[in-house]
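Engineer: Given the sequences, and given the hints that come with them, work out the whole structure.
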Amino acid sequence: GAVVSQHPSWVICKSGTSVKIECRSLDFQATTMFWYRQFPKQSLMLMATSNEGSKATYEQGVEKDKFLINHASLTLSTLTVTSAHPEDSSFYICSTLEGNEDEQFFGPGTRLTVL
Amino acid sequence: AQTVTQSQPEMSVQEAETVTLSCTYDTSESNYYLFWYKQPPSRQMILVIRQEAYKQQNATENRFSVNFQKAAKSFSLKISDSQLGDTAMYFCAFIGSSNTGKLIFGQGTTLQVKP
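If you read the protein sequences in the order shown, they are chains R and E.
Be aware that the first sequence starts at 1, since it is given in our numbering, and climbs by one per residue.
Be aware that the second sequence starts at 1, since it is given in our numbering, and climbs by one per residue.
Bear in mind the hints are in silico, worked out from the structure with no lab data behind them.
Mixed in with the good hints there might be a few duds.
Okay, derived cross-link-like pairs now, SDA-like style, lysine to any residue, Cα gap no bigger than 25 Å in a straight line [as the list claims (entries may be wrong)]:
hint, chain 1, residue 1, chain 2, residue 2
1, E, K102, R, D88
2, R, K66, R, T32
3, R, K64, E, K102
4, R, K41, E, L47
5, E, K102, R, L26
6, E, K102, R, V62
7, E, K73, R, E103
8, R, K20, E, R43
9, R, K64, R, V11
10, E, K102, R, M45
11, R, K55, E, G96
12, R, K41, E, E10
13, E, K78, R, G1
This one's a predicted model, so the numbers in the text were calculated from it and none came from an experiment.
Structural biologist: Spelled out as structure tokens, the structure:
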């Protein structure tokens with residue numbers, strides 16, 4: 001299956017700063033990527049669908065001005081958490097679609113801690 | 001709306017024994033895909049098994065098999081000969097043909113395999 005990487009794997013930042021998380025598809029061109037958020041012992045919550053060359057589609061309740069998504073190339077999507085606050089501390093996971101668009105491949109995730 | 005429900009937050013099983021995780025879903029679509037994902041302590045999402053709704057035969061992957069009951073909208077996962085490495089959180093997930101690749105996850109079941 002497809003190989004997806006995320007960087008950084010873990011980041012700590014001060015409240016009020018912005019943090020960028022990268023998601024890369026290493027062995028194929030991904031026109032669509034997904035961003036999820038996961039709190040401890042809970043399920044994955046879809047935040048947005050990232051489409052190469054166009055604006056991301058955000059799920060209801062997700063602030064698009066706070067969680068900026070850019071998908072400028074077929075191998076890279078970025079999620080920027082702007083003006084981060086402690087409540088934004090979470091595990092962020094990206095995934096990509098491959099082949100028949102019925103299976104997602106996940107990155108290893110990024111743990112964000114906002115102090 | 002499409003929903004996925006896992007009614008067992010936590011389960012445990014003795015090593016080498018068999019355990020079944022439950023999942024039900026709701027959809028009006030006739031064509032869709034169902035998945036079981038495993039999330040070990042590393043938090044990397046790993047695909048365990050998948051099932052196409054149009055296939056009557058239950059999917060099997062080594063020690064993992066499903067009981068797919070389309071009429072009842074049930075999709076349970078059976079793990080045979082449980083191993084310590086099976087300890088993880090398990091998510092049931094759904095993609096409908098109209099979902100454009102978006103996965104809908106259940107709440108998750110934490111499985112502990114005891115030696």
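Engineer: Which numbered conditions among the earlier hints are violated in the structure presented, ordered from lowest to highest?
Structural biologist: none
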